[in-house]
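Asks: If you want the building blocks of each chain, they are given just below.
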Amino acid sequence: MAEVHIRKVVKKYDEVLAVRGIDLDIRDHEFVVLVGPSGCGKTTTLRMIAGLEDITDGEIAIGGDVVNDVPPKDRDIAMVFQNYALYPHMSVHENMSFGLRLKKFPKDEINRRVDEAARILDITELLDRKPKQLSGGQRQRVAMGRAIVRNPKVFLFDEPLSNLDAKLRVQMRIEIKKVHQKVRTTTVYVTHDQVEAMTLADRVVVMNHGVIEQVGTPTELYHHPRTRFVAGFIGSPAMNFIPCTIQESGGQLALRVNDQISFPVPPARAQKYSQHKGNGSVLLGLRPEHLTEAKSQPEPGIVPFDANLEVTEPMGMETFVYFPINGDTICGRVNPTAGAKDGAPLKMAADLNNMHLIDAKTGLVL
Amino acid sequence: MVDATIKNEGSVMRADRRNSLQKAWQRKSTIAFLMTLPLILLILVLVIYPALYAVHLAMLNKSMQRFVGLSNFSFLFTRETFWMVVWQSCIFALTAVFFKAIIGFFVAHFVHNIPDKGQRKWRGMLLIPWVIPPAMSTLAWLWLFDPSYSAFNWILEHFGIAGIPWLGDEHWARFCVILVNVWIGAPFFMIMYLASLKSVPEQLYEAAKIDGANWWQTMRFVTLPMMRNIIMITALFSTIVTFANFDIVRVLTRGDPLDQTHVFATWAFRLGIEGGDIPLGASVSLFMVPILTIGAIFILRDIVKRGNEA
Amino acid sequence: MTATATSSVPSSAKKGYGSMSRDRQWALRWSYFFLVLFVIFFLTPPLYMLITSLKTSQEISAITNPWWVFNPTLDNYKELLGSGTFLTFFRNSAVVSISVVIITMLIAVPSAFALSRMRFWGSGALATGVFLTYLIPETLLFIPLFKMMAVFNEYTGIELINRWWVLLILYPTLTVPFCTWIMIGYFASIPKELDEAALIDGATWMQTLTKIFIPVALPGIIAATIFAFTVSWAQFLYPLAFTTSESQLVLPVGIITTLIKGDVFNWGQIMTGALLGAAPPLIIYAFLMDYYIAGLTAGATKG
Numbered sequence: 001m002a003e004v005h006i007r008k009v010v011k012k013y014d015e016v017l018a019v020r021g022i023d024l025d026i027r028d029h030e031f032v033v034l035v036g037p038s039g040c041g042k043t044t045t046l047r048m049i050a051g052l053e054d055i056t057d058g059e060i061a062i063g064g065d066v067v068n069d070v071p072p073k074d075r076d077i078a079m080v081f082q083n084y085a086l087y088p089h090m091s092v093h094e095n096m097s098f099g100l101r102l103k104k105f106p107k108d109e110i111n112r113r114v115d116e117a118a119r120i121l122d123i124t125e126l127l128d129r130k131p132k133q134l135s136g137g138q139r140q141r142v143a144m145g146r147a148i149v150r151n152p153k154v155f156l157f158d159e160p161l162s163n164l165d166a167k168l169r170v171q172m173r174i175e176i177k178k179v180h181q182k183v184r185t186t187t188v189y190v191t192h193d194q195v196e197a198m199t200l201a202d203r204v205v206v207m208n209h210g211v212i213e214q215v216g217t218p219t220e221l222y223h224h225p226r227t228r229f230v231a232g233f234i235g236s237p238a239m240n241f242i243p244c245t246i247q248e249s250g251g252q253l254a255l256r257v258n259d260q261i262s263f264p265v266p267p268a269r270a271q272k273y274s275q276h277k278g279n280g281s282v283l284l285g286l287r288p289e290h291l292t293e294a295k296s297q298p299e300p301g302i303v304p305f306d307a308n309l310e311v312t313e314p315m316g317m318e319t320f321v322y323f324p325i326n327g328d329t330i331c332g333r334v335n336p337t338a339g340a341k342d343g344a345p346l347k348m349a350a351d352l353n354n355m356h357l358i359d360a361k362t363g364l365v366l
Numbered sequence: 001m002v003d004a005t006i007k008n009e010g011s012v013m014r015a016d017r018r019n020s021l022q023k024a025w026q027r028k029s030t031i032a033f034l035m036t037l038p039l040i041l042l043i044l045v046l047v048i049y050p051a052l053y054a055v056h057l058a059m060l061n062k063s064m065q066r067f068v069g070l071s072n073f074s075f076l077f078t079r080e081t082f083w084m085v086v087w088q089s090c091i092f093a094l095t096a097v098f099f100k101a102i103i104g105f106f107v108a109h110f111v112h113n114i115p116d117k118g119q120r121k122w123r124g125m126l127l128i129p130w131v132i133p134p135a136m137s138t139l140a141w142l143w144l145f146d147p148s149y150s151a152f153n154w155i156l157e158h159f160g161i162a163g164i165p166w167l168g169d170e171h172w173a174r175f176c177v178i179l180v181n182v183w184i185g186a187p188f189f190m191i192m193y194l195a196s197l198k199s200v201p202e203q204l205y206e207a208a209k210i211d212g213a214n215w216w217q218t219m220r221f222v223t224l225p226m227m228r229n230i231i232m233i234t235a236l237f238s239t240i241v242t243f244a245n246f247d248i249v250r251v252l253t254r255g256d257p258l259d260q261t262h263v264f265a266t267w268a269f270r271l272g273i274e275g276g277d278i279p280l281g282a283s284v285s286l287f288m289v290p291i292l293t294i295g296a297i298f299i300l301r302d303i304v305k306r307g308n309e310a
Numbered sequence: 001m002t003a004t005a006t007s008s009v010p011s012s013a014k015k016g017y018g019s020m021s022r023d024r025q026w027a028l029r030w031s032y033f034f035l036v037l038f039v040i041f042f043l044t045p046p047l048y049m050l051i052t053s054l055k056t057s058q059e060i061s062a063i064t065n066p067w068w069v070f071n072p073t074l075d076n077y078k079e080l081l082g083s084g085t086f087l088t089f090f091r092n093s094a095v096v097s098i099s100v101v102i103i104t105m106l107i108a109v110p111s112a113f114a115l116s117r118m119r120f121w122g123s124g125a126l127a128t129g130v131f132l133t134y135l136i137p138e139t140l141l142f143i144p145l146f147k148m149m150a151v152f153n154e155y156t157g158i159e160l161i162n163r164w165w166v167l168l169i170l171y172p173t174l175t176v177p178f179c180t181w182i183m184i185g186y187f188a189s190i191p192k193e194l195d196e197a198a199l200i201d202g203a204t205w206m207q208t209l210t211k212i213f214i215p216v217a218l219p220g221i222i223a224a225t226i227f228a229f230t231v232s233w234a235q236f237l238y239p240l241a242f243t244t245s246e247s248q249l250v251l252p253v254g255i256i257t258t259l260i261k262g263d264v265f266n267w268g269q270i271m272t273g274a275l276l277g278a279a280p281p282l283i284i285y286a287f288l289m290d291y292y293i294a295g296l297t298a299g300a301t302k303g
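Chains as they are written, first to last, in my numbering: chain A, 1 to 366; chain B, 1 to 310; chain C, 1 to 303.
Extracted from the complex, chain A is given alone in its bound form (with noise of 0.2 Å):
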């Protein structure tokens, strides 16, 4: 059980900084997610900690000990691959105590611990068994028991999901999650799909171009993201992006999108937003289900305008519609029951008290 900690920790291959000086303090028994785009530098972060790449600067801590010079063997983690990495060659009981069997634990020892993991994971019958034998999940389980029999300070799982079809990784997900309310091991966790972060984590760490963008709970980034990478990033559908000026006109305070828009700020935000005022670059970010059809009875905030819907695509129990403003396609997000057909015009509503606004040159939000 450790708290693992980075500072200002920078990874250069040749002259390429893939990591740009990140600082990041997981706690003890904390379940933190490293979530961004391939090549943000997540996978390389985590490598550093497992020491399978060297610190170019900065340092990372593990239980308090610099372990930056420490060779993986003795920084006492434990790691997950994408490929799951089990040795094709070894029974799943093999594969689960090759690392006690290497550090010389006594027999006894070694099989309590495979069989302690085996029954955490729910895979006791299939310890002789070959990883060709195995399914994808059953696979995945043992690459996770041979991380528990190890009793490590730290989890480290890169993408572990990844190779899974899409049932199958959302109930590893649940898996995962089990496991580790029962083991409480300090673990960060590498992805890039935001909803496996969104749903497992104790905290999200977004990551861009090698950079931290943002660290917070899933509802914390999902409902005041910093910066417009995370807001684009966290959640599905992403976030609508519409460019617009701040105009005041009698005191109040509007978002112009074009010549038929004009968005009223709530007076809730005004005061926040007042300074800005004349900034022609801004961008209005709502999500979709912040863009629903109009209700009969006005709401205050929420502000009607007529869309003419290109696509719609009924998922059941809602409905997406993708109309355009300005050129751009915005997505909605409506009740089945409202009508919305293919090519046909909506009446539609923005929900402006859920509204974010960016700063376009920066990426800051306001």
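None of these hints come from the bench; they were simulated from the model. Errors might be hidden in some of the hints.
[Claimed, not checked] DMTMM-like cross-link-like pairs, simulated, lysine to aspartate or glutamate; straight-line CA separation at most 25 Å:
#1 A/LYS347 <-> A/GLU299
#2 B/LYS198 <-> C/GLU196
#3 A/LYS8 <-> A/ASP65
#4 A/LYS130 <-> C/GLU196
#5 C/LYS211 <-> A/GLU109
#6 C/LYS211 <-> A/GLU94
Fit chains B and C to the given chain A structure using the hints.
Replies: Positioned in the frame of chain A, the structure of chains B and C alone reads:
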């Protein structure tokens, strides 16, 4: 190779305070170096050194006491047999490789054509010439070509055709060494081409079929381009090996009749080992180097290219 | 070629499905026809070896059908297998080939592991060098090597020429480069994560090699072993140049130099000896055909 560790030490000093991990990296290169040391020694002592030593030897006189510069070579240039050997080696290698490639290509297609479950059996039989040690199978050919008891001639005479002096006539003897070489080498081509045929995705053929390609177009635009690499590299490999061939000529004709079937390797053996003129033998064998170098350059270029694509 | 021609596509789109399958039928028939032809061509010499080996010398020199055995006998086999010299050749060949296989694998496997996994200064150049070494034929090296042995004898007094074990020094030059090369290919196909997992599990480099890489790459090791064995067994030039006494000869050279006495060819025994000499590679091939072929194709398709 000592540089390996020194270079790494240099980088250790540049870095400020990493010790044990860097030491581990450094130890890694030391271990790696030790693991490859036998290989390096083997290549240096038993391949590179003898190759260079051959150049030195080629510049000595027969008793190897005097440095004579290039006079061994200029002596060779005046010998008619030498030019005959050059000519024969090239004809031998090029003709043999050409027919090996053609036969290999067609037989690979025939095997590929028949149902999958029978292919293994046929492939197994067709590769047998390659598996038998060449010196042993050439003995069988020698017996088949025997001047008095040739089993081929028995068949010919059975049809009223006069027996052929297989190894007695220079033209027939040349034909025979090429035939035996093709017989041994064609199965190897067949296996290589079959492997490359199998690696062409079935969808490509289906796509070509849907696009309305006829047999020739499918061959021209799908099969051949996909096989091109293997066709080239197998032919190059084989050219090198055939050019340097020793066993077949040595066992079948020993260079006879009248040295007419000698290739570089057998003539170098005759002069250097049997004739006791090591410098002259070395000079002869060195004439293989240009062709080998050209082949090696092409193969290496292909490997580097594929390495970059990967 | 018309045979394969019809296999894939009908020449005219107007033809119906029936003609297409009829074309296939023909393609199949032609394929079988030519395959039979080529199998006859490829198998005639070994079969003729067998036929001759079962004949008495009287029958061989008689003017009967050479393609048929009228009075089959095993005398040639009995005589050869009962002769001390032939068994010496066989033993020499077996000892040399097996030892060379062991030496080869001991050198090639660790080298291939280091070259494919433990990047170090010069490792890329060395890998290419290994491949180039494979392209240097023995016919280029035997004369300088012969002289080197003589010089070595002058300096140390150790006689290397005409000793069967000198082949243990020479054969690895033929086997090690290729085996290293194909093992690099096999090791390269093992996912990187596997050694990283072993690293985290606390395995040293040596343990990673012996406990992970060698078992996982076992098919490649078998293929390389077969290659090394067959090359050693078949090698003809080195033993011909470096060994002369009957007690030092290996099988191929032994058969050719001792059974051919001057102009007298005892063909029954020669063919029997050749067949027995071809037997070990053929037996290995019969039982391990897939590994044999994998090793054959690995050189050009891997790496």
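Asks: Look at each hint and say if it fits the structure.
Replies: Okay, the hints, checked on the actual structure:
For a cut-off of 25 Å, the pair hint linking A/LYS347 to A/GLU299 stands: about 15 Å separates their Cα positions. Taking the CA atoms of B/LYS198 and C/GLU196, the gap is near 33 Å; set against the 25 Å cutoff, the hint is violated. Among the hinted pairs, A/LYS8 with A/ASP65 is consistent with the structure: their alpha-carbon atoms are about 16 Å apart, no more than 25 Å. Distance hint between A/LYS130 and C/GLU196 is fulfilled; the C-alpha atoms sit about 20 Å from each other, no more than 25 Å.
For a cut-off of 25 Å, the pair hint linking C/LYS211 to A/GLU109 stands: about 22 Å separates their Cα positions. Between the alpha carbons of C/LYS211 and A/GLU94 the distance comes to roughly 11 Å, so the proposed pair stays at or under 25 Å and holds.
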